[in-house]
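Colleague: Spelled out, the chains give:
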Amino acid sequence: MKKYILKRIVYLFVTLLVIMTATFFLMHSLPGTPFDEDKISSLSPAQQQQIYASYGLDQPVYIQYFKYLGNVFQGDFGTSTLYSGQPVKSILASRIVPSALVGIQAVLVGLAVGLVLGVVAAYKHNTPLDYLTMIVSVLGISVPNFVVAALLQYLFGLKWGLLPVAYWESYASSVLPSLALSFGVVAQIARFVRTEMLTVLQQDYILMAKAKGLSPAKILMRHALRNSMLPVLTILGAITVNVLTGSLAVESIYSVPGIGSLFVDTIKANDYSTILGLTVFYSAFYVVVILIIDVLYCVIDPRIRLAPAKE
Amino acid sequence: MMKKIAAAVLTMALLLSAATGCNSFTGNSAEPASQAGSGAAKPTSVSFYLENEIPTLNQFAASDNIAFTVLNNISEGLYRLDMNDEPQPALAESCKVSDDKLTYTFTLRDGLKFSNGDAITSKVFRETWLEQMKADAKNGYAFILTDYIVNGQEYSEKKVGADQVGIETPDDKTLVVKLKAPTPYFLSLTTFVPYYAVDMSFYQKQGASYALGKDNLVYSGPYMVTQFDAASGVTLVKNPNYWDKDNVKVDTVNIKIIKEQSTALNLYKAGQLSRVKLSATDVPSYKSSKEFTTHTIFRTNFIQFNTTAEGTKNLNIRKALSMAVDNNTLVNTILNNGSEAANGVVPKSMSSGIAGKTFGSLQGTLMSYNAEKAKEYWKKGVEELGGQVPQMTLVLDDDTENKDVGTYLQSQFKSVLGIDVNLDSKTKEARRSLMKTGKYQMGLNAWGADYDDPMTYLQIWTENTNSFRGNFKDTEAADAYVKLIEEAHAERDTAKRADLLVQAEKSLVVDNAVVAPLYYIGSAYLVKPNVKNLVEPDSGILELKYTEVD
Amino acid sequence: MQNMEVTKDLFGPAEADAEEREKISRPTRSGFQDGWIRLKQNKGSVVALAILLVLVALAFAGPAVARYDYYTTDYGAIFQAPGPAHWFGTDKFGRDEWSRVWYGTRISLLIAVVAAGLDLLVGVTYGSVSALLGGRVDAVMQRIVEVLIGIPNLIIVILLMMVMPAGIGTLIIAMSISGWVNMARLVRAEILKLKNQEFVLAARLLGTSNREIIMKHLIPNTVGVIVINTMFTIPSAIFTEAFLSFIGIGLQEPKASLGVLINSGFQVINSHAYLLFVPAVVIVLIMVCFSILGDGLRDAFDPQMRI
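Chains as they are written, first to last, in the numbering used here: chain A, 65 to 375; chain B, 979 to 1528; chain C, 57 to 363.
If you're looking for bench data, these hints aren't it; they were derived computationally from the structure.
Among the hints, erroneous ones may be present.
[As the list claims (entries may be wrong)] Short, incomplete list of chain A residues facing chain C, as computed with Cβ under 8 angstroms:
hint: 1; residue: Val82
hint: 2; residue: Leu94
hint: 3; residue: Val202
hint: 4; residue: Glu260
hint: 5; residue: Tyr350
hint: 6; residue: Val353
[To be verified] Restricting the straight-line Cα-Cα distance to at most 25 angstroms, the calculated cross-link-like pairs of lysine to aspartate or glutamate (DMTMM-like) are:
hint: 7; chain 1: B; residue 1: Lys1417; chain 2: A; residue 2: Asp100
hint: 8; chain 1: B; residue 1: Lys1353; chain 2: C; residue 2: Asp194
hint: 9; chain 1: B; residue 1: Lys1392; chain 2: B; residue 2: Asp1457
hint: 10; chain 1: C; residue 1: Lys311; chain 2: B; residue 2: Glu1407
hint: 11; chain 1: B; residue 1: Lys1351; chain 2: C; residue 2: Asp130
hint: 12; chain 1: B; residue 1: Lys1136; chain 2: A; residue 2: Glu101
hint: 13; chain 1: A; residue 1: Lys103; chain 2: A; residue 2: Asp329
hint: 14; chain 1: B; residue 1: Lys1247; chain 2: A; residue 2: Glu233
hint: 15; chain 1: B; residue 1: Lys1291; chain 2: B; residue 2: Asp1304
hint: 16; chain 1: B; residue 1: Lys1074; chain 2: B; residue 2: Asp1088
hint: 17; chain 1: A; residue 1: Lys103; chain 2: B; residue 2: Asp1516
hint: 18; chain 1: B; residue 1: Lys1414; chain 2: A; residue 2: Glu101
hint: 19; chain 1: B; residue 1: Lys1265; chain 2: C; residue 2: Asp194
hint: 20; chain 1: B; residue 1: Lys1192; chain 2: A; residue 2: Asp329
hint: 21; chain 1: A; residue 1: Lys223; chain 2: B; residue 2: Glu1238
hint: 22; chain 1: B; residue 1: Lys1255; chain 2: B; residue 2: Asp1377
hint: 23; chain 1: B; residue 1: Lys1237; chain 2: B; residue 2: Glu1407
hint: 24; chain 1: C; residue 1: Lys272; chain 2: A; residue 2: Asp268
hint: 25; chain 1: A; residue 1: Lys71; chain 2: C; residue 2: Asp194
hint: 26; chain 1: A; residue 1: Lys67; chain 2: C; residue 2: Asp194
hint: 27; chain 1: B; residue 1: Lys1291; chain 2: B; residue 2: Asp1457
hint: 28; chain 1: B; residue 1: Lys1381; chain 2: A; residue 2: Glu101
hint: 29; chain 1: A; residue 1: Lys332; chain 2: B; residue 2: Asp1114
hint: 30; chain 1: C; residue 1: Lys249; chain 2: A; residue 2: Asp365
hint: 31; chain 1: B; residue 1: Lys1414; chain 2: A; residue 2: Asp100
hint: 32; chain 1: A; residue 1: Lys223; chain 2: B; residue 2: Glu1407
hint: 33; chain 1: B; residue 1: Lys1406; chain 2: B; residue 2: Asp1088
hint: 34; chain 1: A; residue 1: Lys103; chain 2: B; residue 2: Glu1029
Each residue gets a CB set at the ideal place from its N, CA and C atoms; glycine is no exception.
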């Protein structure tokens, strides 16, 4: 297993390199420049040339690429053009924290509630409780999260004054955003747990456990749940990446200074350094999460072997 | 075993996030906004918001209104706009203009200091302006100085040294500026942020960290920054070193970032904001409130035609399209937010250069909605094109306001001219890029004034490489237009100059239909009744100096 | 019955035809037929299917029934609440909301079908091949997936937008770049679990080709996961399309999809909530039906559910 993990870490760097390269060249094909064109065009060509040169943008793209690569290996991710002069690393560091806090809470709450709902629904298949879970699940994914966010803000923030309406001022500011995001998580987890568990509960070994006289709780927790976790784990990976990297809509509504809007803003502004920094960060995060999940597959279900077995 | 691992991971995750999360909180500013002071003891505060993150507080990198709004209140220049949009002496005590209108001699006040104690002298202004004139000034605003000051352009292009530039500092309190041509609005220029004073010795020492955080800045204006996060906002407090500090009535200003209009309204209703912008659909519900007010700024939204593209190269087609638009319905029904129907490119209340006369009073009627005439022009145009109606496409930015305007135009063209116009919405950069390279027929564009004079608009159509020109060049009409602008630049008589500008605008909008002005951008607001003297000049850059809270 | 003595000579060997012995008394049904019959027995699923068909019918016939089309504006009648003249009211340009909602449903259903199709065709195949072949093939295929996710989708979409005209086609291409990845990962996980089980070994011993193993043995056992994920991909695709149309790639005015209608409706939620409410209800209804139907499908086709 250790060898496998090491191999995967090597793959990680190769993948990151490919992603970085592809993004670099695609990004430079985007229309526009990092500058305010309406203003720059009031300058003479000689003046414009000087601005491009000061950012190294007058050189051919592949030279810029190697320069960038060289800097990255020394840990320098450059400075932003949109947030003039701010080092990319510090922008990412400060904006990631609020999104991460809101995201982690949303995932934890969603996971807990989702698991419970899913297990109960599977156990009581085709009863009103099952249908209730199904409805909650459908609502959770078909009602867009900004509608939920706005509703929560109106009720808990404005009408009842229990929680902050917006801003990022104290821990209480993170409650509503996390709550809003957790609905989608609950919906997905509950459904997957329920589906998988329905299959699992039909298995022979469950029948055997019942015959042995184990209580339902023990059966569910010790035998059924673990065997149902596989797709949950997979989807948890995707959910975690999505939610932790910030939801644009929810963060907008609650004025959370997170990372959600950063991608769209920097791509629209041609802020090359920040785009690349974000891409590297997101990709690395995603790949690491996939690695962890793949390893967890083997932990959860010993029948899975990722590395080819010895022939 | 697995349960234990799971539990451990979960607790760690929660603790970790809470711990790091706590550092990022900005602390409570939820005291009711616009607190009043009883007597002189209690501190007063107001709360505002900006609709997007603050890109920078570095004056040499700032180029949008959000950055300018903050900078305008923490820095100051020679003159500042008063509550009536007139330039009044600020850091300068007085100004003498030579008879030939080419030399401005400013006398600074005594004892001026930055917030760190550094003296504000004429040399400070000279060095700041030289730095802005450098071509690699990141905000692209070098032109706002190099267009006017002697040898500015040459210095920027590195053809002459700094000592040749027309800025002299005979002593610490005197600043002598030499202009290339008479500029009636020069004092108005000095009220614009790129002309403000920056502590250059501090700037040099800070190097790459300048303006990155609140400790990397010093202040010359009414307020100082005590908290700064580009994505959350700033907190401003009175600057004790400000020369006019006794006239600054509000102690603390909170400026947050709120991107969602409904959130802002909720916060206003909860008493946490002093002012909120209303969306078009909320205006009817609040119109009758005492707190309701509207304001237009010097920013015009217009259709830019490409005078060499298929279809729009024909003058009659362009005239038809211009006349088919009913600006009044647009602003009253669709926008409904205080925007005003545009008559010409230049806003009505802009100064004409002649003291006491607005440009609007001289403009005449340029844009008018006339369905019949539009149909006539269209028929003529189609005939001239050989009977074939080309497919028309309108490119526009992808934000909501532009898309609404586009939809409105599409429906108008259909109902008046019977044609189907395609809408092509793109990101701002993509649209600019298309327009710059001439790959369009018509595009929605907007221009905001940099200073209070029609020249800020009209000279755009003489510049070569921007997305506004519409290929209006190298023809007799275009050359005539350029000549008018050049003459106006050199004309010393203000009345004659104004007349030349009026002619130029008429040529642009009516005779050649290069653009079809739509509306002057406005906003509707609710303002808390105890907040007074909140000035939003025509530039759209918030002015906080005169604000008072009851 | 009368008491009879049972003696040996009363019995004789039975006539057993070799063919008759092997005869299966129930009519043969393919897996599909079998599942279909079971589906029909599920009342809930039948109702859901019926409602869906009604919605589809409305989507195509709705605008034709109305007196207005979806794009004609009427500036004298903007923001009208639902009433006799306009059954669903009008929007900010005075366009008839009834027509717009059904027109939008058409487009959203199209997107749903495309997204689901992509998931099923590309995602399932990719995931199962990757898992079954394992080893190096799996490693490479998964790395490709990681690269596809890593490159920011928005950049690719903007570039597409520069080259291709805005519209549904471009949108579909944009969404197909990485829309199927989740399904691939899920199917791969399930198959990794299944491929070492005895029935697969048995199938291999019998000489079944890889393709048949995937189609006949592995996929039927992953039906549950496939169905559920497809159910999630659909609203996700609808809202991704709404987001893309919002930033200008995809549907141009006056065309609209349910997602776009919901976005615009949200803008005016404080004053004209019906503009958000109506398309949202339609989407929820579609999703509920898909969901019940999906469950029914899984109950019907999942071999492990047959007791």
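Colleague: Each of the hints needs a verdict: does it hold here or not?
Modeller: Here is how each hint holds up against the structure:
1. A least Cβ separation of about 5 angstroms between Val82 of chain A and chain C falls short of the 8 angstroms threshold, and the interface hint therefore holds.
2. With 8 angstroms as the threshold, the beta carbon of Leu94 of chain A comes within range of chain C, its nearest partner Cβ sitting at about 6 angstroms, so the hint holds.
3. Taking 8 angstroms as the C-beta contact cut-off toward chain C, the hint placing Val202 of chain A at the interface holds, the least distance being around 5 angstroms.
4. A distance limit of 8 angstroms between C-beta atoms decides the matter here; for Glu260 of chain A the minimum to chain C is near 7 angstroms, and the interface restraint holds.
5. At about 6 angstroms, the closest approach between the beta carbon of Tyr350 of chain A and any beta carbon in chain C falls short of 8 angstroms, and the interface hint on this residue holds.
6. About 10 angstroms separates the beta-carbon of Val353 of chain A from the nearest beta-carbon of chain C, more than 8 angstroms, and the hint is not met.
7. A distance of roughly 20 angstroms separates the Cα atoms of Lys1417 of chain B and Asp100 of chain A; the hinted pair therefore holds under the 25 angstroms criterion.
8. In summary, the hint linking Lys1353 of chain B to Asp194 of chain C is not supported, as the alpha carbons are separated by about 66 angstroms, beyond the 25 angstroms threshold.
9. Restraint check: the Cα-Cα separation between Lys1392 of chain B and Asp1457 of chain B comes to about 34 angstroms, which exceeds 25 angstroms; the hinted pair is violated.
10. Our distance criterion of 25 angstroms between C-alpha atoms is met by Lys311 of chain C and Glu1407 of chain B, whose separation comes to about 24 angstroms.
11. The hinted pair formed by Lys1351 of chain B and Asp130 of chain C meets the criterion: a straight-line CA distance of about 22 angstroms does not exceed 25 angstroms.
12. A hinted pair counts as satisfied when its Cα atoms are at most 25 angstroms apart, and Lys1136 of chain B with Glu101 of chain A qualifies at roughly 22 angstroms.
13. For the suggested pair Lys103 of chain A and Asp329 of chain A, the alpha carbons sit about 19 angstroms apart, so the restraint of at most 25 angstroms is met.
14. Pair hint Lys1247 of chain B plus Glu233 of chain A holds up; C-alpha atoms about 19 angstroms apart against a cutoff of 25 angstroms.
15. Proximity of Lys1291 of chain B to Asp1304 of chain B is assessed by CA-CA distance (about 23 angstroms); at most 25 angstroms being required, the pair is judged to hold.
16. Proximity of Lys1074 of chain B to Asp1088 of chain B is assessed by CA-CA distance (about 17 angstroms); at most 25 angstroms being required, the pair is judged to hold.
17. Simply put, Lys103 of chain A and Asp1516 of chain B have alpha-carbon atoms about 19 angstroms apart, close enough for the 25 angstroms limit, and the pair holds.
18. Annotation: proposed proximity of Lys1414 of chain B to Glu101 of chain A holds, straight-line Cα distance about 10 angstroms (limit 25 angstroms).
19. Restraint check for Lys1265 of chain B and Asp194 of chain C: the C-alpha separation of about 64 angstroms exceeds 25 angstroms, so the hint is violated.
20. Of the supplied pair hints, the one linking Lys1192 of chain B and Asp329 of chain A holds, its CA atoms being roughly 24 angstroms apart against a limit of 25 angstroms.
21. The hinted pair formed by Lys223 of chain A and Glu1238 of chain B meets the criterion: a straight-line CA distance of about 18 angstroms does not exceed 25 angstroms.
22. Taken as a hint, the Lys1255 of chain B and Asp1377 of chain B pair is honoured in the structure, with Cα atoms around 17 angstroms apart against an allowance of 25 angstroms.
23. This hinted pair checks out: Lys1237 of chain B and Glu1407 of chain B have alpha carbons roughly 21 angstroms apart, not beyond 25 angstroms.
24. A C-alpha spacing of about 22 angstroms is found between Lys272 of chain C and Asp268 of chain A, which places the hinted pair at or below 25 angstroms, so the restraint holds.
25. Between Lys71 of chain A and Asp194 of chain C the CA atoms are separated by roughly 14 angstroms; this keeps the pair inside 25 angstroms, and the hint holds.
26. Taken as a hint, the Lys67 of chain A and Asp194 of chain C pair is honoured in the structure, with Cα atoms around 17 angstroms apart against an allowance of 25 angstroms.
27. Distance restraint check for Lys1291 of chain B and Asp1457 of chain B: the Cα-Cα separation of roughly 17 angstroms lies within the 25 angstroms cut-off, and the hinted pair is therefore satisfied.
28. A threshold of 25 angstroms between alpha carbons decides the hint, and for Lys1381 of chain B with Glu101 of chain A the separation of about 21 angstroms falls inside it, so the pair holds.
29. The hinted pair formed by Lys332 of chain A and Asp1114 of chain B meets the criterion: a straight-line CA distance of about 22 angstroms does not exceed 25 angstroms.
30. With a C-alpha separation of about 7 angstroms, the suggested pair Lys249 of chain C and Asp365 of chain A falls inside the 25 angstroms cut-off, and the hint holds.
31. A hinted pair counts as satisfied when its Cα atoms are at most 25 angstroms apart, and Lys1414 of chain B with Asp100 of chain A qualifies at roughly 13 angstroms.
32. Restraint check for Lys223 of chain A and Glu1407 of chain B: not satisfied, since their Cα atoms lie roughly 41 angstroms apart, outside the 25 angstroms limit.
33. A distance of roughly 46 angstroms separates the Cα atoms of Lys1406 of chain B and Asp1088 of chain B; the hinted pair therefore is violated under the 25 angstroms criterion.
34. A C-alpha spacing of about 21 angstroms is found between Lys103 of chain A and Glu1029 of chain B, which places the hinted pair at or below 25 angstroms, so the restraint holds.
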